[in-house]
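*Asks:* Just need the whole structure built from these sequences, with the hints factored in.
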Amino acid sequence: MRRLPMPILAYFAVMSALPLFMGTTGLFYDAFQAIFVFSLVGLGLNVVTGFTGLLNLGMAAFMAIGAYTFAILTSDIYPFQIGFWWGILATVAIGAVAGFLLGAPTLGLSGDYLAIVTMGFGEITLDVLKNLDAVTKGTQGINPLPRPTFGPWTLELQQERGWYWLLLGFVLLAVLAVRRLERSRSGRAWLSIREDALASQCMGIPPKRTKMIAFATGSALAALGGALFAALLSSTGEPASYDFQVSILALCIVIVGGMGSVAGTLVGAVVMVGMNSLVLVKLADWAGAAGVGNASNVLASPNNWKYLIFGLALILVVRLKPDGLLPPRLEGGSS
Amino acid sequence: MSLLEVRGITMRFGGLTAVDDVSFNVDQGQIFAVIGPNGAGKTTLFNAITGVYEPTEGSVRFKGSPVRLEPDARLAWRAAVVAILAGLSAFLAINVQELWTVGIAANYVLNQPFPWGKAAGDALAAARAVPFAWGVLPAILGAGVGAGTVVALWQRSRRTPDLIARAGLARTFQNIRLFTDLSLVENVLVGMDSRMHSGFWTNLFRLPAFSRERAWTEREALDLLAFVGLSERAHEAAGSLPYGHRRRLEIARALASRPAVLLLDEPAAGMNPSEVVELMDLIRRVRDRGVTVILIEHHMKLVMGISDRIVVLQYGKLIGQGTPAEIRADRRCIEAYLGTEGEG
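Line by line, the protein sequences are chains A and B.
All residue numbers for the first sequence refer to my numbering, where the first residue is 23 and numbers rise by one.
All residue numbers for the second sequence refer to my numbering, where the first residue is 144 and numbers rise by one.
Watch out, some of these pointers could steer you wrong.
To be verified - Straight-line alpha carbon distances no greater than 30 Å define the calculated DSS-like cross-link-like pairs of lysine-lysine that follow:
#1 A:Lys328 with A:Lys304
#2 A:Lys328 with A:Lys152
#3 B:Lys444 with B:Lys460
#4 A:Lys328 with A:Lys343
#5 B:Lys206 with A:Lys230
#6 B:Lys444 with A:Lys152
To be verified - Covered stretches of chain B, going by a simulated chain A footprint (3 or more residues, C-beta under 8 Å):
#7 242-254
#8 314-326
#9 330-338
#10 471-480
The set of hints was computed from the structure by calculation and includes no laboratory data.
Even glycine gets a Cβ: it sits at the ideal position worked out from N, Cα and C.
*Replies:* Here's what the structure looks like:
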């Protein structure tokens, strides 16, 4: 296999070394664990929207499907209890199947219509999770969930560094998978559909099957992200943790990073999620210490400025760097 | 038997008849030209032949038979979709919540072994207790809706451009349609897709078949770029090419599928005289590779210079066909195309 490009190598070098300077616990880990989870979701959306050009506004639903599948299959409140690793495998498979099931009837739709359908799918998924409470425990969420084991050794919840590296490892696997697909017949077919759907079909590429595979791949990655998100909290959390805002956050990551760019998606996740879980939290702390902040005053709490800042970041990127922070770069030849 | 037989093709868009009962045969190894004034229906005819449009009437026979998906293609896959839909509708109608409660929640005690057999029995009993109409009717309904959709989709997908391209009819477009963000090699490799076999898993896990296929496809893509004279820019983005070169890349991309027939839609549009001469040479070399060429063109010097046979369209109707010499002598064709004497 040809080497990963410099930006991606640099990202993994820096990220794997970073915890050595950050102590063993604290805000840094909360932020970066979220960043890695959303990197996975972003990579999935990058396959669907960045490579294949299909606007998917329901990524959160696939995250939720992943989280709940993982929880139902592994939690000890249910009899299945297949364990962490089998749970992850099953989640990825079921995420892909869910992608196929949604894709089969809808991928004939073009552009905006597909976006609306995926958005609706996200809302329906939330409602099902809320109301099917015998299975999903309604707004409580399913907990506790098992910890990953490595032979005799178990990764406990408070071992922040371990989780950090585990999640980084999953991101690395996902990056390798997505890059391999991108630089192959499968990925070229996706890109050709994005570039010119009619020309692509006239070159013998079956549009529907190709889109379905892209959709299933993206959904599988989002489901993996959702399962790890749940495992990290040892709970699926309430269904509202997978609402429309989450889908939009995933889209922001891909747009800010650069549509169709793997390295860009990684950077986009650091920027967007980092702003949310690191910068805003720090800002709130600082404001509180300085006596400026006030949790009871809506405007004085930086956390309430979140979406304003998201929006601003998006506008800035689209105005100043329309192709994203790290746009896809043509690499010599194929694969 | 001709390689391509066009039988009474008619294309209507609402009240407008763009192509009206056009028939002709193209023989193997010919360079065949379709000429006619703007708006005569030439590109519409191409679109009907390549499956972009479904002809309102008439048919196209390629190598003696119509190009379309046979009824048995991927039947198992379609049956599975219907079965899944039927099962899912029944399952949902019977009430997932209740089945779960009766089967799993009622039988499971924390940290005790789970009685799988009893759970399945309980769930089945609960499902049986549901009135017949609630369980079986939704299943039948789901299967019906599924089967209807599958049949409708299958009917629509029987004669699509991708099937026709795979059968061996490749084309270029009047307004060049390249994959501008992909490199030249990648453009050609997309064209080669129908000859590749590596699937999703092969590509994901980089199985040996992947490297083998990559080796020969890249070699052949570079050969094709050399054939059209673009090899020195092979790894640049297609969008960076100057106009004249884009046509050549489009031809290379179309040739990549090793088509039996290549349809060129106004290949000389916007070219200067020396580029046209090069293009004529290229088209002849394509023919010499054993590819039958059908082209739409306004450039008379090119058409008369290389065509073996010409058909003339006017207002969607075929008004004449023959060798270049015959067309040049045909009064009706001259009037239609060049205007009557005195008009200029």
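*Asks:* All the hints need checking, so say for each whether the structure fits it.
*Replies:* Hint check results:
1. A:Lys328 with A:Lys304: holds, 13 Å
2. A:Lys328 with A:Lys152: holds, 26 Å
3. B:Lys444 with B:Lys460: OK: B:Lys444 and B:Lys460 at ~23 Å, within 30 Å.
4. A:Lys328 with A:Lys343: Roughly 22 Å between the alpha carbons, so the hint for A:Lys328 and A:Lys343 holds.
5. B:Lys206 with A:Lys230: holds, 27 Å
6. B:Lys444 with A:Lys152: violated, 72 Å
7. 242-254: Holds, because 8 residues of the segment 242-254 of chain B bring their Cβ atoms closer than 8 Å to Cβ atoms of chain A.
8. 314-326: holds (count 9)
9. 330-338: holds (count 5)
10. 471-480: It is violated, with 0 qualifying residues against the three required.
Hint check: violations occur at hints 6, 10; the rest are consistent with the structure.
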